[in-house]
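Chains A and B, in that order, are what the protein sequence lines are.
For the first sequence, counting from 1, position 65 maps to 64 in numbering that gives the first Met the number 0; every step adds exactly one.
For the second sequence, counting from 1, position 924 maps to 923 in numbering that gives the first Met the number 0; every step adds exactly one.
Mimicking DSS-like on lysine-lysine, the simulated pairs with C-alpha atoms at most 30 Å apart in a straight line are: (1) A:Lys154 to B:Lys386; (2) B:Lys559 to A:Lys6; (3) A:Lys68 to A:Lys182; (4) A:Lys17 to B:Lys552; (5) B:Lys318 to B:Lys386.
Chain B stretches covered by chain A per the calculated footprint, using a threshold of three residues with CB under 8 Å from any CB of chain A: (6) 378–389; (7) 394–404; (8) 543–549; (9) 554–568.
I should point out that these hints are in silico values taken from the structure, not numbers from a laboratory.
Glycine residues also receive a C-beta, built at the ideal position from the N, C-alpha and C atoms.
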Amino acid sequence: MHKLIIKDLSKTYANGVKALDGVSIEIENGLFGLLGPNGAGKSSLMRTLATLQEADSGSAKLNDIDIFKQPHELRQVLGYLPQEFGVYPRISAEQLLNHLAILKGITKTSERKEVVKYLLNKVNLYDQRKKSVKGFSGGMKQRVGIAQTLLGNPKLIIVDEPTAGLDPGERNRFYNLLADVGKEVIVILSTHIVDDVRELCTKMAIMNEGRIVYHGSPDDAMNALQGKVYQKIVSRETLDTYAEQYQIISNKMVGGKPLIHVYSDTDPQNDFEQVKPNLEDVFFSKINTSHQLV
Amino acid sequence: MFKHFFLFEIKNALKQPMIYIFLGLLALLTFGATASDNIQIGGSVGNVLRNAPHVITVYTTVMTIFGLLMAAAFYNNAALRDFSNEFNEILFSTPLKKSSYFFGRFCGALLLSTIPLLGVFLGAALGSIAAPLFGWIDADRFGSFYLETFTNNYFLFILPNMFIAGSVIFALANIWKSTVISFVGALAIIMGYIISGNLISDIDNETLGALSDTFGIRAYSIYSKYYTPIEKNTLSPGFSGLLLWNRLIWISFGGIILLASYLNFSFQEKNKRIKKQEKSTEKSTEKFILPVLEIDFGRSSVWLQFKSFFLMNFLSIVKNVTFRILFLFSAILLITGLIGGFEYYGLQSYPLTYKLIDDIDGNASLFVIIILVFFSGELIWRDRNSKIHEVIDATPHTSLISLAAKTLSLISLTVLLQLFFIFCGVVYQLVNGYFRIELEVYFLDFFYANFLAYAIWSGVMITIQVLVNNKYIGYFVSISVIFIWSIVLEIFDVSSFMLTIAAGPSTLYSDMNAFGPGLYGAMMFNLYWILFSILCLLIAGALWNRGLRSSLKDRLNIAKKQVPRNYKPLIFGTAFVWLVVTGFVFYNTQILNPYKTSDEYEQMAADYEKQYKKYQNVPLPKIVDAKYSIDLFPYERNVDVKAVFKIVNETQVQIDSIHFNIDKDWSPAFDLPNAEIVFEDKEMGYLILGFDEPMLPGDTIEMIVTSQYISKGFKNGRGSTSIINNGTFLNNFEILPSLGYDEGQELSEKNTRKKYDLKPKIRMPKLEANCGANCMRNYLSQGASDYINFETTISTASDQIAIAPGSLTKYWEEKGRNYYQYKVDHPSQHFMSFISAKYEVAKRKWQGIDIEIYYDAKHHVNIEMMLDAVERSLAYYTENFGPYMHKQCRIIEFPRYATFAQAFPGTMPYSEAFGFVVNLEDETENNVIDAVISHEMAHQWWAHQIVGANMQGATMFSESFAEYSALMTMKSISKTPMKMREFLKYDHNRYLRGRGGEIEAEQPLYKVENQSYIHYGKGAVILYALQDYIGEEKVNRAMQGFLEEYKYQPPPYPTSLDFMKYLEKEVPDSLQYLITDWFKEITLYDNRMTSAVYAPLENGKFEVTLEIESYKMRADSLGNETKIAIHDWIDIGVFTDEEEEQLLYQKRVLIDQEHMNFTFEVDSLPMRAAIDPRMLLIDRIYDDNIKDIKMSEL
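Same shape as in the complex, but just chain A (with noise of 0.2 Å):
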């Protein structure tokens, strides 16, 4: 069992930009969603597990390697998908594997061979193994992007935004691929499509403004609001006074008009439908916690 603690993390720009404001959590083996909303400070927080940035304050540790202080230890059993994954161009997928492999310590040139192959494979991309990366789509860019992060062994797998533009199919493929090597390893992974992380992780964390907002299993959260969650579709003129008088998690449009949800711990009546909580609520109920309309 690989044990991630963070403890107390905290990122300042030089432009004043709070990145990460007192993060801790405790990561175990299997999948791990990280949720938040754009500028939530994710990706910092991801750069910073992946020793790509540094940290002002706080501490992380993966086993006995503090990320800190032996970042090429760390390296050594890292796989990590940044959120923008480019690649050079006249390079092949499989030389550029190669390349990554060789990197990762795979020093035997038939085990390199063999691991390229089967991940081109998994990835689906063995038949285009051969040709330039640079004239792939941006789909197939990032199937490869995420068959290097397989590459060699690694115990902490993060990976950035890991399905965007991806379609449906590739989706699955690949969160089967993760949901397979995360038995063993701790994968991180961040998105703001809520469904991913119900979908497939047992265990979550939800970041705002550089703070964990909240960290459990998904069903838990989902618990936590049973009973308290309300809906009614109201007229656009309206939205504004509604947003006044309740706690608004979220509004959107359905059928032309606005649908609000609101949280209250009591029937708040006025013709409101109590609804089983999704993701989706917890979600908005932890980062618009001003309950403002979005």
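With the hints as your guide, set chain B onto chain A.
Then chain B, alone, in the frame of chain A:
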């Protein structure tokens, strides 16, 4: 609409800092050049003002090359802005007019790109104000500004050049939409300029060169080639002549390109090439198993990582289009450089390996610098540009591995380029039928001279990119380090190679002496810089930005925490080794072999003059007999000298001390009875020996002087090229102290002298008829001796031959060394050469005189021709001037560290570089060997038998007479009367160009002050013309009579006035004006043919009618010309061919009016007519003397 786009372009650029930076940069450069004495470009020395119109024009033309790169930015922006902002689809769907858009943008960019070049005028103006104000340079070095200089330069160079370049760049940008391609386009234009220069290195191709040069730079330099100082100070470039033609041609070229690109331009997107996706039909049936992986981060994995990084980087550049284009460019440049490139008199050398190395090094360096700068940035930013950096950075490799691999790929590129160059070189040799291909020389030269330097630069530039952490600022810093740093060092008068990156002593290859004396030092400096570069890389490896971009300070903090434990010892270990090497280099170059910088030399020369000038006229004894024993140790590069002199007091007064000018490198010692050192200044090299008992008039004593040169370690420079392994060449002035104050050490340039509060120097004493003291010394020995007897015992290594002037009287071997004894057969000038090398000897006897050529075994090809040349000279000179006074004529080859030949008594060292290896297979071409050898041979009469008193005019009857004699021997074998014009035109050119570079005052021939353009160039032209006008035998009789009277005579020495007496007797009254015009004044002709027609006559002959204009001018010492009445005999003639080889008709006619007509009959069809067809007269524009003859219209 046009106005809108035009103004938009300009307003937009004015809001950006770029244009101001460019403007400031060019202003600063010009300001520096105008206001600093340490920067000397544009030729503002002597009488040429620092802000002379000519100087400013040169700045402008040169700066337009830089301006081109700036223009590329503006045009590229103008063409691509809407595309790079992805605004094109929106904009082009609006109803705008193509012409307004296209030309609006273009004209905007055109105007903008001329703005930075205004910096030249800004800088020059500010410099002219600031320099006198702050006392940097005297106010009298600046003249007034002419508005014309500005407007003419703007409309002749700035605007046209930016237009021409712009049309090409704009067209490329519109087609390719790539910034890199636009800059490559700019580079291609610069290439075109260089290539046109390569192809026209001889005066025969000048017109072609002037017209084919894109920028008009060469057109201007040819247009202004004969400018005198006064013209440089007053004339702005004009809209005329070749310059105008050049501009018209290239503006039309630009116009055509622009028009074509306009027609091709369209708002619609051109069909993009879409590659068809190949569907792979075969589905793989392979099985995929995840193997059990063995993860290893040990030593072998590091090596593997390094290799993989290297391959990824190297391949990416080799496949890069820009690299391929650069590769192609450099190859084109090299090949045109090989094909063009004349050396002298329109001749080329055989393609020796060292010649090819020179060409390769010359061409490669530019491209290697571009490649290193550009690709260091590309490599460092490659991961980020490809957005793969986060993945790579998060893998477990040490940054150093990746950086080292990048550096190695950069170095490998230069190797690739060089290998290709070597390949080109070898192919070129083979194609030319030259089979002595020295591959080892190619490779060793690459290693010594380039490879290590490239490796050093690669490391440094990679480090710059890492530290600066911004690609473009990185480029800027790299370029600054290359170009500006050396200027900074110059300004601060630092000349140590320890501060100039990758610098070191020259390892110029010579067939005789291989890589020369600088090799050891060069390797030590390379070691020093390689370690420095590694240290840089190590530091860069620690500070390499992984992951998020952060400031240098942050990276320092991160480095402290993250750098692996074994890294510190690596850095400190390298630093330690580097420091040890630094110490060693410092010890060798600063302590063991100290040197002076140029400013220190100047200061010392000034101090020397101030302190010791007072001794200039102290009475000194003369050397009347000399015996030398010299031991040369060529392989140790040491020399031991012992000289026994007999000295006599020939003055009328007592001599109580002897003054010496000493060179401490030779540690001289004196053994003189009853004398001791009473004063010694080792630093400036002045020593006085005082006698206990003064030397009375007539007293003779024996003086023994010893000296030795010991080579120690290595120097901040190549070291002595006189004492070397193979080809040691010393003269007696170098190895021994000279007698008395040495005026030759004084500063000469008047502006430099002024800086040290010294009055302008009188270059030579005035020519006077009844001279006293000045005639008692000749200009060569300066009174230290007259004609004396001397002998030499010289020894050298067992495999070398040692040679000194005189007959070989004895040879023996002793202790594994060769000993030779030489003795002159006739008292001679005390001017001796001591030479030692491994030689082959070719011999021939001519009337009892031994002709000997000492040459390197590899250079045998022209030896017969040399023997012939010596023989021919002997024949002509003994017949026309008098007997040869030595028993041998020796031509001795020495390495190409210098390019000259020199005449010692009977002994003539001749450089490897210009004759031994020149291709003279085409007999119709000029023959440099004949020219050089007959010149040196002539010195055996002119300079050795008779030598001028130390005053104006002295070199006329050594150098001019030698040139004349050489011309006459060549004339004796030339088959057509026109052949000599081919040769003479180089003498005309030498004179006319030379007077433009005069820094003090041009003198008439008979008052020449050792000015080479006068005594060689003008002297040859005038004496040759004179023999044509009055007859060869009369000129020779005058020379012979003069020689007869003065040869080997004790002082007083003759002056040019003494010769004029002999000459005047030979010149008929009708031609006496020639003496005044040609010898005593500076006279120029301006002849031209205004019309030439012929009419066929009934008797089968042709009647030719010529209209001629002819002017005669007197010039003063600065080049101010005054027209004088013409009453001169000048040839007119007719050629039957275009090549002007067949002179059908020639007649010398009296021209006494400025416009004249002549009519005469000729037998065959005339083709061309000429005034002065054989180019005897000095005419600044000779081309207009000749015209095609047209058939008369009547």
